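Novice: Mind docking chain B on chain A? Use the hints.
2 protein chains.
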Amino acid sequence: MAKQKKDNRPKAALPKGFRDIGAEELRSLTSMVATIREVCEVYGFEPLSTSAIEYTEALGKFLPDQDRPNAGVFSFQDDDEQWMSLRYDLTAPLARYVAENYDALPKPYRRYQTGSVFRNEKPGPGRFREFTQFDADTVGTDNPAADAEFCMLAPDALERLGIPRGSYRMNVNSRKVLDGVLEAAGIDPAGEADARRRLTVLRAIDKLDRLGSEGVALLLGPGRKDESGDFTEGAGLAPKAIETILGFVTIAPGERGATLERIAPLIERSARGMEGLAELARMDDLLSAGGYGADRVVVNPGVVRGLEYYTGPVFEAELTFEARAEDGTLARFGSVGGGGRYDGLVARFRGNEVPATGFSIGVSRLYAALKALGRTGEAASRGPVVVLVLDQARLPDCQRMAQSLRAESIRAEVYLGTSGLKAQMRYADKRGAPVVVIEGDEERQRGEVTLKDLIEGSRLAGGIRDHQEWKEARPAQVSVPAADLVAEVRRLLSRHG
Amino acid sequence: MAKQKKDNRPKAALPKGFRDIGAEELRSLTSMVATIREVCEVYGFEPLSTSAIEYTEALGKFLPDQDRPNAGVFSFQDDDEQWMSLRYDLTAPLARYVAENYDALPKPYRRYQTGSVFRNEKPGPGRFREFTQFDADTVGTDNPAADAEFCMLAPDALERLGIPRGSYRMNVNSRKVLDGVLEAAGIDPAGEADARRRLTVLRAIDKLDRLGSEGVALLLGPGRKDESGDFTEGAGLAPKAIETILGFVTIAPGERGATLERIAPLIERSARGMEGLAELARMDDLLSAGGYGADRVVVNPGVVRGLEYYTGPVFEAELTFEARAEDGTLARFGSVGGGGRYDGLVARFRGNEVPATGFSIGVSRLYAALKALGRTGEAASRGPVVVLVLDQARLPDCQRMAQSLRAESIRAEVYLGTSGLKAQMRYADKRGAPVVVIEGDEERQRGEVTLKDLIEGSRLAGGIRDHQEWKEARPAQVSVPAADLVAEVRRLLSRHG
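As you go down the protein sequences, you meet chains A and B in turn. Just so we're aligned, residue 120 is where the first sequence starts under this note's numbering, counting upward by one. Just so we're aligned, residue 120 is where the second sequence starts under this note's numbering, counting upward by one.
Isolated chain A (complex conformation):
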């Protein structure tokens, strides 16, 4: 009977791919997001929040990440049979919002937004089905100054978060320039006919980091057999075309002007390519005028992530320091955000094209980076001062002590359970309390309270087994006049920074 009852209980677990975020990480995330928000505010962006649920048809199929073609959305039908979905990013809802409120919005419209997005796809290590994005977008202008702005805002935000200059770089590339290169290689950069081959080429280039020039050359040409013997079909390009494309994507980023000069001859016969180059040159001007040199922002033709989706300049924030990956190997931290210029999203609703550009930060990934750098502000997550309760009848006094600490903005709580001293000490330890406050009978008669410094104490003390032993050992503890409680607690806290 008891067993059966147990079997009927629901399981206390989350569906795969979802997770809870505990106090330490959540505090860091909250403070991180607040910092990014401040940077967006000072740049003049306005906050926006859209609902998590949209009509499925309004979201469309604009998943930027074509690496995961199976990526799906969580969908359900409304009472009127219309399909609704959870948003999978913050860009599609922005397009709907802009289309819906077009006439009322200032043009350009610049907004930032943060919130959960949902992907109904196979979860994996570090890949969740709900995660937080932070986006900033500028809608309604084709001015490359808007693209350049994100290449200044992102470095400002990273540095404000404590990532030192030299530990990150913004990689800038251009879809138009790549199209020019494809054109030079004899691939139609826009037509339907070459669509499949274009995709194969983009995917091949994206593997440059992993396979090197030789591997990519095979994927651009006849195809490639990997170590396991699996064969990947190639794009079937002629050697000359392969050389043109590799010549572009292997240009090592250096001074931006020099990089642009190296690109120019590759695309000089493509109007679209030259247009893209002019945009990059304009961004270079603005970045240079702003003091953002090649130590922070480079033109990097090797970066093609998202190029299928974007229509003009693209940019990626890359952390260049090494960190230990999940498998224990050291590697560059890699991308923590990216963006670029996109068209057509608002046009889906309105017919006419509304140029737009934006940048999206992967909040969890950036948190992992800050953690690897020790910049997540652990001090802020220190536990509260815990006032122990030796006698429930004295709880009002204990509560007053906690109040006097709170009044001075010191995190403090009264132990609210009903267990004895030993359990209360364990509780305080588990809470990460830096200090406990104890007012025993004797202390009270002398007008004193006892403060125990748990941070210091944990270095000294053995286990405290009972009140008697406690009174005899008193490791790292002091009796102070009750009137000096707040000042003395503050003194102890300041010891530990």
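Don't read these hints as lab results, they were simulated from the structure. Note that the structure is a prediction, hence the values are computed from the model and not measured. Among these hints, one or two may not hold up.
Any copy, or any two copies together, can satisfy a pair, since identical chains are not distinguished.
[Claimed, not checked] Listed below are the simulated BS3-like cross-link pairs for lysine-lysine, each with C-alpha atoms no more than 25 Å apart in a straight line:
1) K226 / K130
2) K226 / K549
3) K130 / K241
4) K359 / K344
5) K344 / K226
6) K541 / K226
7) K326 / K359
8) K135 / K541
9) K541 / K344
10) K241 / K135
11) K490 / K549
12) K135 / K226
13) K359 / K490
14) K241 / K326
15) K344 / K130
Specialist: Chain B in isolation, oriented as in the chain A frame:
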């Protein structure tokens, strides 16, 4: 053809019951939530975030608001056919979290959480299908000190948000005391047999505000016909029983001790009722010791909202000032949050009961209250300083000016569109810019920039039609040395507070 194309476009609209939140409200909400969070932190609560999606069976059917029996959840099946749902509150996920992590958590476990919750129900004015809650809960202690704490924390939070003392009150009641009254009225407060009658009684009492004692007496007795002629069946209680119940719920809240003394004789033969009374008395002790008098926290037997759900003390934060309702009538603002002690939620998973108590704030409702009081911090949402661009070739200079303002934490942006001066001025107006910065050719030659005070200017100026007229009229504008840009902008901003 064009028409057909147009018809194929998705509609730029949200499903009914969902909404976007624009900059002004969102900034206020963000700052409001940050303030409540700070109060929870200083009380020693820890932040938690759980996922928006849970297994449906883990959420169970613990919708606290039984007024809306049709309230449903948004659900969908996972690949493995298991049903998942969007959370409808933050309490059910907390119960799942505590059950899942029981051994690792400190006991009591005290956490706060804020986030969207979803109700798949008919939307109405001010009733949305996605809205934000802010919850704080203490799990794992039956100590009334934990209940009392919320009756101190809530007033602290309201006052920190700018709601003055005297404009709100915490109403405290007790499910156990009410059960004692029901017992005295001959209704079994726990058994299944009287379950339906109990519900009728609770719903009748809940209408006290609207129907008065006479109307409630009818609903407790033979039933009531309303003005439209509709008949509501009554609980069928005898006159003596009705008198007992009305005697309880019409006790006007005054000094807490006096109220408790008036309640005592009504329930003196119910052990459960007296237990509830002792808990309220203990809370009274602690509240009094903390300096929270009857000007802030009262015992109010007339408050029964949620009593079906709660198992011990219940509390409600009520705003007592009047505000204009949507229909234009003046009325008390009413409840902005509530909570109480609940059992069984964690027991669903674990078998053994884990006592818990908590408080939930309706974030949108509280925002509406702050707005009615003019406490939403409009100043913080002032638009950025806009640097106009008279000549795209000079954009780098404009950008440098914006940067110099940002470096001093002044919100500033360069106009990023490509339109002329007139459109740029309209843009600045629409953005709520307090100041625009203009550097024309002549100014630059003199090493000066022009600042236009739009707040002052909007009081003076007529419409500026072209650059020529602009130069002649120059309402509320000054030329200042370019080197003094930041100082002069700061001076203009400080004029408007």
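Novice: Can you name, in rising order, the numbers of the hints this structure does not satisfy?
Specialist: The structure conflicts with hints 5, 8, 9, 12, 13 and 15, although it agrees with all the remaining ones.
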